Amino acid sequence: MDTSSWLRIEEHPDANRILDALGGLLERGQIKAPPEVFKELKQVGVVEGWIKLHQSEIEVNRNNDLEYLQKVGEVTHKFPGMVGVRSGKEKADPYVVALAACGVPDPCVWVVVADETLAKRPNRKIPTACKAFGVDCDGFEDMLRREFPNDGW
Amino acid sequence: MVDVPVNGRVLEWARTERHLTPEVAAKLLQIDKEELLALERGDHPPSIGRLRDMAAKYKMPFASLMMPEPLPQATRPQVEDYRTFEGKAPELSFKLQRALDEVWEQIDALVDVRDNAPDLFRLADELPRVTLHADPEKIAAAERERIGFNIDVQLGLEKAREAFLRWRAALETQGVFVRVENLGNDDKCRGFAVYDDRRIPFIFLNSDETDDDTDYRARTFGLFHEYYHLLLRQTALSDHKRNNRVEAICNQFAAFFLMPRERFLLECQRLHVQHGNITEANVRKLAEKFHTSMSSVAIHLERLGIAKPGLYEALLGEWKKRTRRKSNGRANHEERLANKLGVGFLNLVLRAADRGLLNKLDVYEMTAVKPQYVDSVTAEVTARIAAYGRT
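Keeping their order, the protein sequence lines are chains E and D.
Residue 1477 is where the first sequence starts when you use the numbering used here, and the numbers rise one by one after that.
Residue 5 is where the second sequence starts when you use the numbering used here, and the numbers rise one by one after that.
Isolated chain E (complex conformation) (with noise of 0.2 Å):
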């Protein structure tokens, strides 16, 4: 999950409803962000009550793993604009979908689940990104009604 998704998260009128869904697939490891997303969310001070309790089981660290910082320079190459390739800012896009790409940190099918909408300037945006490199990428709201089709989301 993108830091969008989580801003989305605190942002919702039914928070509590949605933290408390999200921990079925925090129980079962469907949750992962790197450590970037944490950053950014430190910087606004979102990373506290649930968020911050779960940090650790959440939080994947792979940043010592040479093939996911490969991924991350290529995902950056290609997306210089939504990388912010000569900005000062370390943004946390690239490193979610490389973490997405390589499978990480269990080789089965991961999708990045993104607040944002293609605008009209699509190569700025995640999903762009993400569709790049063969990761399907899903709304928030959509992860939602996907995880869970009979909760009325």
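Just so you know, the hints here were simulated from the structure itself, not pulled from any lab data.
Any given hint could be a false lead.
[Said to hold, decoys possible] Dumping the calculated DSS-like pairs for lysine-lysine here, alpha-carbon to alpha-carbon at most 30 Å: (1) E:1515 with D:99; (2) E:1518 with D:63; (3) D:192 with D:61; (4) E:1508 with D:63; (5) D:31 with E:1515; (6) E:1554 with D:63; (7) D:61 with E:1565; (8) D:63 with E:1528; (9) E:1518 with E:1607; (10) D:374 with E:1565; (11) E:1515 with D:344; (12) D:61 with D:92; (13) D:312 with D:192; (14) D:99 with D:63; (15) D:37 with E:1565; (16) D:163 with D:142; (17) E:1518 with E:1528; (18) D:63 with E:1565; (19) E:1565 with D:31; (20) E:1515 with D:374; (21) D:99 with E:1518; (22) E:1508 with E:1565; (23) D:374 with E:1518; (24) D:63 with E:1515; (25) E:1508 with D:374; (26) E:1528 with D:374; (27) E:1554 with D:61.
[Unchecked claim] Which stretches of chain D does chain E cover? Using the computed rule of at least three CB atoms under 8 Å from a CB of chain E, they are: (28) 59-69; (29) 104-117.
Values in this document were obtained by computation on a predicted structure and should not be read as measured data.
We put the beta carbon where it would ideally sit given N, CA and C, even for glycine.
Position chain D against the provided structure of chain E, taking the given hints into account.
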């Protein structure tokens, strides 16, 4: 620690992107120049710690250093450089390049907002377009009329700060974004203007954070100098030096905009400024009256034939001997943000966030405003709009 087999050419690219020589970069990284060059040649891979340090010192994402190849030169921001120092354009410094890159990022982000909410923007196409053959005095008169800033109101303002903030608000109302930041004088750069195919007109002024009236007057002149670059549809670095034709034309526009000929001559008469009695004190009085820099007044006096050629150079020699006052740093966090980023920019980002087009992180990345400061920054923006005009 893990060694990372990066492409050495990417490391070289990152260093040159930041305009660092191997000597300066090696010093920054606290390694030998030879070691740095060996890494850039790909003789051996750097450790992950070294790479992270390099990213931090170059102020560049770590992810950028992991790219398989450098980005093509064509992806670099294209800027015309009108600065001259000892006969040529000075090198861009690390600071100036970073400022350019940050503004590029801001404009990209603004384009994303505009794609989703065009109604928040005044279309930049509404700014008139001029050519270098146009008469800057006529354009200045037409623009004063169009923007609607009465000369009596201008001359009636007490403080240079108020004049600057009103002018800034007037340009922001035209859809121009104005950022003010102190980059120092290493680059001989007074500011830059960006107007490219993204059609977001942007002015950057290199100016100290200060309440000093002299600085505000210089800032006002710089504002209109850069504004003319926008009217020329240029993306350009400026130093305001007269020996460059384009810079001289932009100076003329700014001077005639702030000091319309007829009124300027009248004020000269009132102050008994005429051939033979032009002193620094007279120049200061006129600068205070019109809320513009003393340099621009001196040059204007020469141009209008009131002073003999050479007045500006003579005064400049004196001014260079004096020490500049430092910022008194009295502004609070919200005021500093509004001074730096401009009410137009902050207002737009906050409105876009209010509509749900930007999340907390977007707002923070675009403005450095943390969620707990959103309300107080909004209050500062609202107060400035009430005081200095709408944006």
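Status of each hint after checking the structure:
For the proposed pair residue 1515 of chain E and residue 99 of chain D, the alpha carbon gap of about 25 Å is at most 30 Å, so the pair holds. Taking the CA atoms of residue 1518 of chain E and residue 63 of chain D, the gap is near 20 Å; set against the 30 Å cutoff, the hint holds. With a CA separation close to 24 Å, the supplied pair residue 192 of chain D and residue 61 of chain D stays within the 30 Å bound. A hinted pair counts as satisfied when its Cα atoms are at most 30 Å apart, and residue 1508 of chain E with residue 63 of chain D qualifies at roughly 28 Å.
Distance restraint check for residue 31 of chain D and residue 1515 of chain E: the Cα-Cα separation of roughly 29 Å lies within the 30 Å cut-off, and the hinted pair is therefore satisfied. Distance restraint check for residue 1554 of chain E and residue 63 of chain D: the Cα-Cα separation of roughly 21 Å lies within the 30 Å cut-off, and the hinted pair is therefore satisfied. Distance restraint check for residue 61 of chain D and residue 1565 of chain E: the Cα-Cα separation of roughly 12 Å lies within the 30 Å cut-off, and the hinted pair is therefore satisfied. A hinted pair counts as satisfied when its Cα atoms are at most 30 Å apart, and residue 63 of chain D with residue 1528 of chain E qualifies at roughly 28 Å.
Of the supplied pair hints, the one linking residue 1518 of chain E and residue 1607 of chain E holds, its CA atoms being roughly 28 Å apart against a limit of 30 Å. At roughly 15 Å between alpha-carbon atoms, residue 374 of chain D and residue 1565 of chain E fall within 30 Å of each other, so this suggested pair holds. Restraint check for residue 1515 of chain E and residue 344 of chain D: satisfied, since their Cα atoms lie roughly 25 Å apart, inside the 30 Å limit. Between residue 61 of chain D and residue 92 of chain D, the direct Cα distance comes to roughly 29 Å. Compliance with the 30 Å bound is thereby established for this hinted pair.
Taking the CA atoms of residue 312 of chain D and residue 192 of chain D, the gap is near 27 Å; set against the 30 Å cutoff, the hint holds. With a C-alpha separation of about 10 Å, the suggested pairing of residue 99 of chain D with residue 63 of chain D holds against the 30 Å cut-off. With a CA separation close to 26 Å, the supplied pair residue 37 of chain D and residue 1565 of chain E stays within the 30 Å bound. Distance hint between residue 163 of chain D and residue 142 of chain D is fulfilled; the C-alpha atoms sit about 28 Å from each other, no more than 30 Å.
Only pairs whose Cα atoms come within 30 Å are accepted, and residue 1518 of chain E paired with residue 1528 of chain E is accepted, the gap being roughly 10 Å. Taken as a hint, the residue 63 of chain D and residue 1565 of chain E pair is honoured in the structure, with Cα atoms around 8 Å apart against an allowance of 30 Å. At most 30 Å may separate the alpha-carbon atoms for a hinted pair to count; residue 1565 of chain E and residue 31 of chain D meet this at roughly 23 Å. Only pairs whose Cα atoms come within 30 Å are accepted, and residue 1515 of chain E paired with residue 374 of chain D is accepted, the gap being roughly 14 Å.
A threshold of 30 Å between alpha carbons decides the hint, and for residue 99 of chain D with residue 1518 of chain E the separation of about 27 Å falls inside it, so the pair holds. For the given pair, residue 1508 of chain E sits about 22 Å from residue 1565 of chain E by alpha-carbon distance, which is consistent with the 30 Å threshold. Restraint check: the Cα-Cα separation between residue 374 of chain D and residue 1518 of chain E comes to about 11 Å, which is no more than 30 Å; the hinted pair holds. Between residue 63 of chain D and residue 1515 of chain E, the direct Cα distance comes to roughly 17 Å. Compliance with the 30 Å bound is thereby established for this hinted pair.
A hinted pair counts as satisfied when its Cα atoms are at most 30 Å apart, and residue 1508 of chain E with residue 374 of chain D qualifies at roughly 26 Å. Between residue 1528 of chain E and residue 374 of chain D the alpha-carbon distance is near 19 Å, which keeps this suggested pair within the 30 Å criterion. For the hint pairing residue 1554 of chain E with residue 61 of chain D, the CA-to-CA distance comes to about 24 Å; that is within 30 Å, so the pair holds. Residues of the region 59-69 of chain D lying with their CB closer than 8 Å to a CB of chain E number 8, which satisfies the three-residue condition for coverage.
As drawn, the region 104-117 of chain D meets chain E at 7 residues by the rule of a beta-carbon pair under 8 Å; at three or more, the given contact holds.
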